[in-house]
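Turn these sequences into a full structure, and let the hints guide you.
Going letter by letter, the sequence shown gives residues 27 to 355 in my numbering.
Calculated from the structure, these hints are not laboratory results. Treat the hints with caution; some may be incorrect.
[Unchecked claim] The calculated label-pair distances, taken between Cβ atoms and stated as ranges, are:
1. Y260 / M216: 40 to 50 Å
2. E175 / R274: 39 to 49 Å
3. I69 / Y332: 27 to 37 Å
4. E57 / M216: 22 to 32 Å
5. H209 / K256: 21 to 31 Å
6. R198 / E44: 29 to 39 Å
7. M216 / S347: 18 to 28 Å
8. A105 / K253: 30 to 40 Å
9. R198 / T263: 18 to 28 Å
10. D92 / K256: 44 to 54 Å
Ideal Cβ placement from N, Cα and C applies to all residues, glycine included.
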Amino acid sequence: MQNLALHTNINEYSTKEEWQDLIGEFYNNKEITHTNRKYTDAILKLRRNKLPGLSLISLESFAPFDIPCFRQNKETLFAMHFMLCGSMHYSVRQHSSKFENGQNNILIIPEKSLSSLFFNRNTFYSYRSIIFQDDYLEQLMMRYPEALESLFQKYTKGETYCFEHPNLINTREMNTILSQIDHASDLGNMAPLYAEGKILELLCLQIKATDCTQNTPQIRLKAVDIKKIKEVSYLLTKNISSPLTIQRLSRMVGLNEKKLKYGFKQVFHQTIFQFHFNHRMALALKLLCDSDLTILEIGIKCGYEYPSHFSTAFKNKYGVSPLQFRSKQ
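Following this line, the structure appears as structure tokens:
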């Protein structure tokens, strides 16, 4: 069957029902390679790149209304999901969970199960999902049984499964690889081979990240410790333009540095640096969308003295520079 494309670029207002239909049709019809809609009040970009045994789905979306999307899965899915921007609720067989901005995981979704995604109004979303076909996954397992056997067993049993709970954090290396995959088409005939290699590299990083999380020391936290750690999160969000050191935060809340570092990760499932970085980038995204500030001014508000440092950090997070992102708006 020939690949299909749904493409419209018109200057009118969108409707919630049309949005649901577009996303639903894209996910339910594997022959649709891309959907591109731009309205006065909203934007939707969906793309499916097909590789041998793999399917890469990318989404960028902004709409003025809440959008619940439902899907009946005809077959068991093994998917790597990377949330680049936005926080998205999803559910499978009445099991609800959430992807926060800058998180990733491996998901197994059983066949004949009803799954749903929920997009919040006035929120910019960007994510990448990589879906493995059954025969490709089996070949991988046969080649690398020690790394993949337990995952493959859960897949063949058709269990609803998250590889790591809580979700893993997108590292700088992961974001760089995702950006490289996005631009793989520049390589012409070599693009599929290059993209496949990068996808397998991402899979290795996810498995490796789980090993690292399991080795993170667990510290016994009292209620007063948790209260102080939450106070640190408040201080971080209120001082984005003037970053606070761990040493200073430790003195401000009266908690030793070791307990603060490990305790913060236990409570928020990310390091202090990752937490602060994600909030800086979220503010940058908001200012790029909602203000007329220059790139330099936005960088300063996000705590970056030099525009080049801000641009590099933003590109590591979202795959494009601040200038490129704003030009797409």
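Taking 29 to 39 Å as the hint, is the beta-carbon distance of R198 and E44 inside that range? With Cβ atoms ~37 Å apart, the hint holds.
Does 39 to 49 Å hold as the CB distance between E175 and R274, or does it fail? For E175 and R274 the Cβ distance comes to about 47 Å; the hint holds.
Pairwise beta carbon distance, H209 to K256, judged against the given window 21 to 31 Å: 40 Å, violated
Does the beta carbon distance between Y260 and M216 stay inside 40 to 50 Å, or does it fall outside? Since the Cβ atoms of Y260 and M216 sit about 49 Å apart, the hinted range of 40 to 50 Å holds.
Cβ distance range 18 to 28 Å for R198 and T263, holds or violated: 21 Å, holds
Note whether the CB distance of I69 and Y332 lies within 27 to 37 Å or breaks it. 31 Å, holds
Outcome for the supplied range 22 to 32 Å, where the beta carbon pair is E57 and M216: Holds: the Cβ-Cβ distance is about 25 Å, inside 22 to 32 Å.
So the hint says 44 to 54 Å: do the beta-carbon atoms of D92 and K256 match that? Given about 28 Å between the Cβ atoms, the range is violated.
CB-CB spacing for S347 and M216 relative to the 18 to 28 Å hint: Distance hint for M216, S347 holds at roughly 25 Å.
Cβ distance range 30 to 40 Å for A105 and K253, holds or violated: At roughly 38 Å between Cβ atoms, K253 and A105 fall inside 30 to 40 Å, so the hint holds.
The structure does not agree with the numbered hints 5, 10 stated previously, though it agrees with the rest.
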